[in-house]
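Peer 1: Take a look at the letters that make up each chain.
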Amino acid sequence: MNDISDVVKNAIGNFLIINVMISKKSFKKQLPKAVTKKIADKIAKGSANSKDVVGGDTQVPMFGPYQKEFERMVNAPKAEFRNNDIYTLLELDGGRAITTAEFPTVFPRIEAKAQAISDHIRNRAEGHFAKWVEAGKRSALQTYGVVMPEILEWLEYPTLEQFIAENGEIEVSTPRVISSLSNVNLPADVIETYAKRHEDKAEEMLEGARVKAIDNLQEHLKLVVTQLGEGKRFHQSLADTLKAQTRSLRSFVEAYDNDVRLTSILDVIEQKVQVNDVDIWKTQSHKRSTSRQAAETVSKQLDGLRDRVAPTQAATADTAVINNGLDLPDLF
Amino acid sequence: MSTYPQMTLSGIAQTMQINLMREVPQTMMILGQSGVGKTQWFRFELPKLVADAKGVAVDKVAVILTQPSSRDATEFAGVGIPSKNDEGQLVTRFSLPNLIEQIESEKASGAEWVIVILDELSGAADDVMKAVAPILDVKQKQLGEFPLPDKTLVVASGNRSKDKAGSRRLLGHLPTRMKTVELMFSRLDWIEWARNNQVNELIVGAAEANENFFADGTPTEDGPYSTPRGAVEAAEDLDMFMRSTSDWNGHLPTWMVDTLAMNLGIGAANMVAEHSRLVAHDVPDPLEILTSPDTANVPDNSGMQLLAFNRALGSLTRFSDDAANNLFTYVTRMMPENMIVSGVELAKTAAQKGLTLNSAEAQQFMIKYSDLIGLVAK
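Chains as they are written, first to last, in our numbering: chain H, 4 to 335; chain P, -12 to 365.
Do not take every clue at face value.
[Claimed, not checked] Quick list of in silico lysine-lysine cross-link-like pairs, BS3-like style, CA-CA up to 25 Å:
id: 1; chain 1: P; residue 1: Lys340; chain 2: H; residue 2: Lys303
id: 2; chain 1: H; residue 1: Lys235; chain 2: H; residue 2: Lys275
id: 3; chain 1: P; residue 1: Lys166; chain 2: H; residue 2: Lys290
id: 4; chain 1: H; residue 1: Lys285; chain 2: H; residue 2: Lys246
id: 5; chain 1: H; residue 1: Lys225; chain 2: P; residue 2: Lys340
id: 6; chain 1: P; residue 1: Lys166; chain 2: P; residue 2: Lys138
id: 7; chain 1: H; residue 1: Lys225; chain 2: P; residue 2: Lys335
[Claimed, not checked] Residues from chain H shown here face chain P by an in silico Cβ test under 10 Å; the list is partial:
id: 8; residue: Asp9
id: 9; residue: Asn261
id: 10; residue: Asp262
id: 11; residue: Leu265
id: 12; residue: Thr266
id: 13; residue: Ser267
id: 14; residue: Ala297
id: 15; residue: Thr300
id: 16; residue: Gln304
id: 17; residue: Asp306
id: 18; residue: Leu308
id: 19; residue: Val312
The hints are simulated quantities; they were obtained by calculation from the structure and are not laboratory data. Just so you know, even glycine gets a beta-carbon here, dropped at the ideal spot from N, CA and C.
Isolated chain H (complex conformation) (with noise of 0.2 Å):
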């Protein structure tokens, strides 16, 4: 018979949980007060040349005319390897949930994407870094210098190797368990005193993970709803998003606890939702309607099944009312 122990022990051997650090810097710098409000002065009173100052934009941006350029070559990939790679993954123990069946293929992706995107920067950065930053340097005291003329040394540009170690570098951790205390050597009385204390903490955190990826489908397929409705604003990521939600909640699920009801509700948005390509909802008005009414449908059960009593609850509740309460395994 299942207790709370079975599930709860056995997802827990079932998730393998990452930390990726990802930096993210803008590269743009906010202006002191004291120099906004110089400019906003100079404005006011008319006395602002506008080959001397520009008003408007309080954020300097450190690469100037190659702002764009940076964006695209450092920052992009990274967004983009974070939002299709990372976020798709569940939130579990404070990380990202790899289920152990995805774990061989699934983490070496990851750790090869990280690799390809940071040497893609090293390489970019040694190529382009030396030119933005003069360009930067340039614009920044044609723009602000009247108003600061020690701009250059507040901006205080990295060297060519600090910036690639401070926005080169994706760091995955080592996978680990969810924290539990089975395999570890201490007196079997101990174990037992603090075993329970793990399994309830695990039980929150898989729930809390359930929950959440429910919400993050729901959240999905009411967007799709909308759009399909309005017939219009259709991106290729939207279908996409849908189905990178829909394969995240059903690897949790399997690892979890095999809930049925929630893997048929995922057969039926494989089946009657998901496109490969947006482009049939673009053409295809009849697609568009079923699709649109079966996230509908699915939405309201998944609404149905989001809150639940807490497994534990469920497995040590009265069992009269299943089968008389016989033991169901113990008749096979």
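Starting from the known structure of chain H, arrange chain P on it as the hints suggest.
Peer 2: Frame of chain H; chain P shown alone:
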């Protein structure tokens, strides 16, 4: 391939209600496979809608059924006859089409509205389709040289070319003159209609318990197949059989199954026989299971339990959202070996049908047997 919108009869009725709000309603044509009730609906349901919409008694709505597929074009357009005009010149006059005469005759007999059903229109010859085209057009309403009398509603029915009933694609200008829809047959709508019309419960129950009771299109093999029309005919045979067999115990003799097969095809006839056997074995009907899951009989026999469950599963959407939870209650009273399999099947079906399975029992079950469920679900 056709691109006509597909609707069930209840959807078509809603469209027709809107259509009838016009002073001069537009012609509507229903396409669909044989025997699914297209003509029947026009004959017996449409007059009620017309009566409601136009504020007349239903017996003041007359129905004329005509089959263009067995008529010549001249019967609709009239025959050209040379005759002299006032100046003595020879001109061509056309005879009054019989259909106009019939409509006027109904009006003379007191009908306030007349429904003309052009039955099997898609089976008519090209020249016949061309001849009737003007009465399909709400802006023309003319047959040959003669205008259609006021308060006449023209409707049409027909098979699709894929129905192998001698029909073919409509001439291109016809669908532009009328509303044309493809009937999407709804087994559940038919069950409701059949119960309201006292169709033999064994036939209705068999249709309810078996999603594939009715043929999905015209089979490739030669022979009878199950359609609503055939089901009604078979039901009448069953009524007669039951009346003539005083000690009937629920079992149908082979000759009777074969009799049913003449209208239903052998597959559906066997379903009726099986259903009849279940009734004899105290297998509760879906209604009982889904409304009284705590008290509905759970047969001792494992196979009968599964049959009871499967019949109820096939009827889930006829009931409220709680139907899935109620059926789950019944599942928990089944034998252990049936419980897991049926619980998983129910969860899958509930998801497909848009129902929520979230009772405390269901949740407890999912946690308690998660490992076995995982095995069965895979």
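Peer 1: Evaluate each hint against the coordinates.
Peer 2: Outcome of the hint check:
1. At roughly 12 Å between alpha-carbon atoms, Lys340/P and Lys303/H fall within 25 Å of each other, so this suggested pair holds.
2. For the suggested pair Lys235/H and Lys275/H, the alpha carbons sit about 20 Å apart, so the restraint of at most 25 Å is met.
3. Distance hint between Lys166/P and Lys290/H is fulfilled; the C-alpha atoms sit about 23 Å from each other, no more than 25 Å.
4. For a cut-off of 25 Å, the pair hint linking Lys285/H to Lys246/H stands: about 17 Å separates their Cα positions.
5. Simply put, Lys225/H and Lys340/P have alpha-carbon atoms about 19 Å apart, close enough for the 25 Å limit, and the pair holds.
6. At most 25 Å may separate the alpha-carbon atoms for a hinted pair to count; Lys166/P and Lys138/P meet this at roughly 18 Å.
7. The suggested pairing of Lys225/H with Lys335/P holds, with an alpha-carbon distance near 23 Å, which does not exceed 25 Å.
8. With its C-beta approaching chain P no nearer than about 7 Å, Asp9/H sits inside the 10 Å limit, and its interface hint holds.
9. Hint status for Asn261/H relative to chain P: holds, with the closest Cβ pair at about 4 Å, below 10 Å.
10. Proximity of Asp262/H to chain P holds as hinted, the smallest CB-CB distance being about 5 Å (cut-off 10 Å).
11. Satisfaction of the interface hint for Leu265/H is found here, the shortest Cβ-Cβ separation to chain P being roughly 9 Å, below the 10 Å cut-off.
12. With a least beta-carbon distance of about 7 Å to chain P, the hint placing Thr266/H at the interface is held under the 10 Å criterion.
13. The criterion of a C-beta within 10 Å of any C-beta in chain P is met by Ser267/H, whose closest approach is roughly 3 Å, and the hint holds.
14. A distance limit of 10 Å between C-beta atoms decides the matter here; for Ala297/H the minimum to chain P is near 8 Å, and the interface restraint holds.
15. Taken as an interface hint, Thr300/H checks out: its beta carbon lies about 4 Å from the nearest beta carbon of chain P, inside 10 Å.
16. Because the smallest distance between the Cβ of Gln304/H and any Cβ of chain P comes to about 5 Å, under 10 Å, the interface hint for this residue holds.
17. With a cut of 10 Å, the hint placing Asp306/H at the interface with chain P holds, because the nearest CB-to-CB distance is about 8 Å.
18. Interface hint status for Leu308/H: upheld, as the beta-carbon distance to the closest one in chain P is roughly 6 Å, under 10 Å.
19. At its closest, the beta carbon of Val312/H sits 7 Å from a beta carbon of chain P; the interface hint therefore holds under the 10 Å criterion.
In this structure, every one of the numbered hints holds.
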